[in-house]
Amino acid sequence: MTSYFLKRVFYMALTLFGASILIFFLYALTPGDFVDTSPKLTAERKLELKAMYGLDKPVVERYFIWMKNAFQGDFGYSLQYQQPVMSLLNDYIWNSFLLAITSTFFTWLIAISIGVLSAARQHSWFDALVTIGVFAAMSLPVFFVGLLFIKLFAVDAKLFPAGGMMTIGSKEAGFAYAWDVVQHMFLPVTVLTLLSVGTLTRYFRTNMLEVIQQDFVRTARAKGLKEKVVLHKHALRNALLPAITLLGFELPALFGGAIITEKIFNWPGVGQLYMQAFSVRDYPLLMGFTMFLAILTVIGNLSADLLYRVADPRVRLK
Amino acid sequence: MNALVEIQNLSTYFKSEQGVVKAVDALELRVHEGETVCIVGESGCGKSAAAMSLMRLIPEAVGSIVSGEIWFAGRDLRKVSKEEMRKLRGNELAMIFQEPMSSLNPVLTIGEQIMEPIMEHQGLSKKAAQARAIELIELVGIPRAKEIAKSYPYELSGGMLQRIMIAIAISCNPRLLIADEPTTALDVTIQAQILDLLRKIKDEAQTAILFITHDLGVVAEMADHVVVMYAGKVVEVSPVVELFEEPKHPYTQGLLRSKPVLNQRRAKLYSIPGQVPNPTTLGESCYFHDRCDQCLDICRVKQPPLRDGGDGRKVACWLYEEESVRGQ
Numbered sequence: 001m002t003s004y005f006l007k008r009v010f011y012m013a014l015t016l017f018g019a020s021i022l023i024f025f026l027y028a029l030t031p032g033d034f035v036d037t038s039p040k041l042t043a044e045r046k047l048e049l050k051a052m053y054g055l056d057k058p059v060v061e062r063y064f065i066w067m068k069n070a071f072q073g074d075f076g077y078s079l080q081y082q083q084p085v086m087s088l089l090n091d092y093i094w095n096s097f098l099l100a101i102t103s104t105f106f107t108w109l110i111a112i113s114i115g116v117l118s119a120a121r122q123h124s125w126f127d128a129l130v131t132i133g134v135f136a137a138m139s140l141p142v143f144f145v146g147l148l149f150i151k152l153f154a155v156d157a158k159l160f161p162a163g164g165m166m167t168i169g170s171k172e173a174g175f176a177y178a179w180d181v182v183q184h185m186f187l188p189v190t191v192l193t194l195l196s197v198g199t200l201t202r203y204f205r206t207n208m209l210e211v212i213q214q215d216f217v218r219t220a221r222a223k224g225l226k227e228k229v230v231l232h233k234h235a236l237r238n239a240l241l242p243a244i245t246l247l248g249f250e251l252p253a254l255f256g257g258a259i260i261t262e263k264i265f266n267w268p269g270v271g272q273l274y275m276q277a278f279s280v281r282d283y284p285l286l287m288g289f290t291m292f293l294a295i296l297t298v299i300g301n302l303s304a305d306l307l308y309r310v311a312d313p314r315v316r317l318k
Numbered sequence: 319m320n321a322l323v324e325i326q327n328l329s330t331y332f333k334s335e336q337g338v339v340k341a342v343d344a345l346e347l348r349v350h351e352g353e354t355v356c357i358v359g360e361s362g363c364g365k366s367a368a369a370m371s372l373m374r375l376i377p378e379a380v381g382s383i384v385s386g387e388i389w390f391a392g393r394d395l396r397k398v399s400k401e402e403m404r405k406l407r408g409n410e411l412a413m414i415f416q417e418p419m420s421s422l423n424p425v426l427t428i429g430e431q432i433m434e435p436i437m438e439h440q441g442l443s444k445k446a447a448q449a450r451a452i453e454l455i456e457l458v459g460i461p462r463a464k465e466i467a468k469s470y471p472y473e474l475s476g477g478m479l480q481r482i483m484i485a486i487a488i489s490c491n492p493r494l495l496i497a498d499e500p501t502t503a504l505d506v507t508i509q510a511q512i513l514d515l516l517r518k519i520k521d522e523a524q525t526a527i528l529f530i531t532h533d534l535g536v537v538a539e540m541a542d543h544v545v546v547m548y549a550g551k552v553v554e555v556s557p558v559v560e561l562f563e564e565p566k567h568p569y570t571q572g573l574l575r576s577k578p579v580l581n582q583r584r585a586k587l588y589s590i591p592g593q594v595p596n597p598t599t600l601g602e603s604c605y606f607h608d609r610c611d612q613c614l615d616i617c618r619v620k621q622p623p624l625r626d627g628g629d630g631r632k633v634a635c636w637l638y639e640e641e642s643v644r645g646q
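Taken in sequence, the protein lines are chains A and B.
Quick note: the first sequence, position 52, residue 52 per our numbering, numbers continuous.
Quick note: the second sequence, position 63, residue 381 per our numbering, numbers continuous.
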């Protein structure tokens, strides 16, 4: 187990090293940078700024400087915000995380329940309706559903606020503050859940359908177990196993931000920050954030593998 | 003596893309208390479908029982509610399957899987069920029962898993044990051990066994009575000794001739000519007529009824009908 773990950590380091090269050079070798974008600066001032930010050094040297700092937890300095990348991310990422964790929770909850029900009653009315509904939800673009929801529930019905994370000018604290945020979260979370629940529902339905045809499910029925036990204990556990891989991928997604949804609902998340950084070529921020997601991806993968070991007795890691 | 199981006129049809498959066609079957009845026939002749119909485990999406009565211990299983049926399954009616490797849940321990029906049907506490599970593992002849109870299916061999399946099946002292080709997936020495175990259970607990197989050697070892099936129909019913001594139906005769005999060198083993008919295109003829070496004119146009010979034997063949009935 320990040797397995060490081996995995070694591979992780290699992967991240490769990722860092890709990420750094992709941004560093793109012509132009933050300083070039500003039309107001004189040529001398530009050179001065470039020297100040270390942009005049050879690109390979810049990579090593970036790496050295990254190892110390410093992903550089956002040129646009004039703040360290890490503290900037820290300001925005939790807002995105709040949206993502809530919608991921509901997505999985709904997808598993509907997938199981729909598989248990394959070819029934319920199954047909779910299949149609799920396809409809998957096919609608987020900007459309988002705007439609704002029109219906915020503008017309006035049930929920149209955007933002809290009421402007509100000085609430404690529970009242939390309630305010929950109200603001409702629409974006609903939209996010609606759009991602389809794929996952179909995934679980297919998995369940495959599993309930297995011999051991027949055995469970032949033992006279209640259908509920057959489905939830015998079938579902086996149907959930392959989803662990997906769970691993959810980790970076939780912090990755939802660019379009955040934009539509004016949610102060990292997705919006990311988009803005692109438009002004704030490369240190982009590099730092992308690298951060790369790290989360490898950690997510490793956790998925370790989770398999817990969930499936047949998996023995070497 | 009243029969424990009496199946009358049972038909189970499967839906397929080519049409309706009469997997079980007007099946008649009787199993007495403590008796072993073997259903024998080729793959696809409806043996397993008959057993699954008896357990009412035919998935609705695949097919359904369309007619007939299944009497078990005084109840018509076709008429009992789903809930009552569930309470019978694993309790009074138990079943073991062909593939022990895939018949157990890969993520649950062996012990857990044996305990489940005990707790469900006998209402035993977890602790008592655990003790009973270990007892059962020992009973089916597996040493180190406590360790085995904690292990997972992938850690055991096929033969051991089939013993575990038997342990699960007998856990609630069923009155009928259905064994659907329980030894087919196992190698020969293990086969013999499993058959011994089943015979021991039958002798000690007086459990009736409905044994499904295509292996005549197994039939000879296990059966009191034999039911020969062909293309969903029963073609011959007979006590085991009489069947081997004097098979009546041409299909049974063909089956017995195609069995290798020890210490006898033959260049080529006999095989029944032709193929099993396509189950979706069966007509009014005797289903066996185009493979039969004693085929009569009537066989091509009319199905023979299953006729009781009065000597405990039944056969569905025009050869044994009176000339006048045959209409020649």
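By construction, these hints were calculated from the structure, which means they are not laboratory data.
Don't take each hint at face value.
Unchecked claim - DSSO-like cross-link-like pairs, simulated, lysine-lysine; straight-line CA separation at most 27 Å:
#1 Lys233(A) <-> Lys620(B)
#2 Lys228(A) <-> Lys405(B)
#3 Lys228(A) <-> Lys620(B)
#4 Lys518(B) <-> Lys228(A)
#5 Lys57(A) <-> Lys46(A)
Claimed, not checked - Label-pair distances were calculated between CB atoms; the ranges are:
#6 Pro313(A) <-> Ser399(B): 56 to 62 Å
#7 Arg121(A) <-> Ser399(B): 30 to 36 Å
#8 Gln336(B) <-> Val155(A): 54 to 60 Å
#9 Asn266(A) <-> Gln336(B): 58 to 64 Å
#10 Ala379(B) <-> Asn266(A): 44 to 50 Å
#11 Arg121(A) <-> Gly392(B): 54 to 60 Å
#12 Pro557(B) <-> Pro313(A): 43 to 49 Å
#13 Gln213(A) <-> Pro591(B): 57 to 63 Å
#14 Leu247(A) <-> Glu335(B): 47 to 53 Å
#15 Pro313(A) <-> Gln440(B): 24 to 30 Å
#16 Pro623(B) <-> Val315(A): 55 to 61 Å
What the hints assert, rightly or not - Far from chain A, some chain B residues (derived; all Cβ distances over 10 Å):
#17 Glu324
#18 Asn423
#19 His439
#20 Lys444
The C-beta atom is built at its ideal place from N, Cα and C for all residues, glycine as well.
Verification of the supplied hints:
About 51 Å separates the Cα atoms of Lys233(A) and Lys620(B), which puts this hinted pair outside 27 Å; it is violated. About 14 Å separates the Cα atoms of Lys228(A) and Lys405(B), which keeps this hinted pair within 27 Å; it holds. Using a Cα cut-off of 27 Å, the hinted pair Lys228(A) and Lys620(B) is violated, with the two alpha carbons roughly 48 Å apart. Restraint check for Lys518(B) and Lys228(A): not satisfied, since their Cα atoms lie roughly 35 Å apart, outside the 27 Å limit.
Restraint check for Lys57(A) and Lys46(A): satisfied, since their Cα atoms lie roughly 14 Å apart, inside the 27 Å limit. Our hint of 56 to 62 Å for Pro313(A) and Ser399(B) is violated, since their Cβ atoms are close to 37 Å apart. A C-beta distance of roughly 19 Å is found between Arg121(A) and Ser399(B), which places it outside the suggested range of 30 to 36 Å. At about 57 Å, the CB distance of Gln336(B) to Val155(A) agrees with the hint of 54 to 60 Å.
Against the hinted window of 58 to 64 Å, the Cβ-Cβ separation of Asn266(A) and Gln336(B) comes to about 59 Å, which satisfies the hint. Look at Ala379(B) against Asn266(A): about 48 Å separates their beta carbons, and that is inside 44 to 50 Å. Separated by about 33 Å at the C-beta atoms, Arg121(A) and Gly392(B) break the suggested range of 54 to 60 Å. The hinted range of 43 to 49 Å is satisfied by Pro557(B) and Pro313(A), whose Cβ atoms lie roughly 47 Å apart.
Checked against the hint of 57 to 63 Å, the pair Gln213(A) and Pro591(B) fails, with Cβ atoms roughly 36 Å apart. For the pair Leu247(A) and Glu335(B), the beta carbons lie near 37 Å from each other, so the given range of 47 to 53 Å is not met. Range check, Pro313(A) to Gln440(B): Cβ separation about 27 Å, and the 24 to 30 Å hint holds. Between Pro623(B) and Val315(A) the beta carbons are some 57 Å apart, a value that agrees with the proposed interval 55 to 61 Å.
No Cβ of chain A approaches the Cβ of Glu324(B) within 10 Å, the least distance being about 21 Å, so the stated non-interface status holds. Under the 10 Å C-beta cut-off, the non-interface status given to Asn423(B) relative to chain A is violated; the minimum distance is some 4 Å. Consistency note on His439(B): stated as away from chain A, yet its beta-carbon is not over 10 Å from all of that chain's, at 6 Å minimum. Under the 10 Å C-beta cut-off, the non-interface status given to Lys444(B) relative to chain A holds; the minimum distance is some 15 Å.
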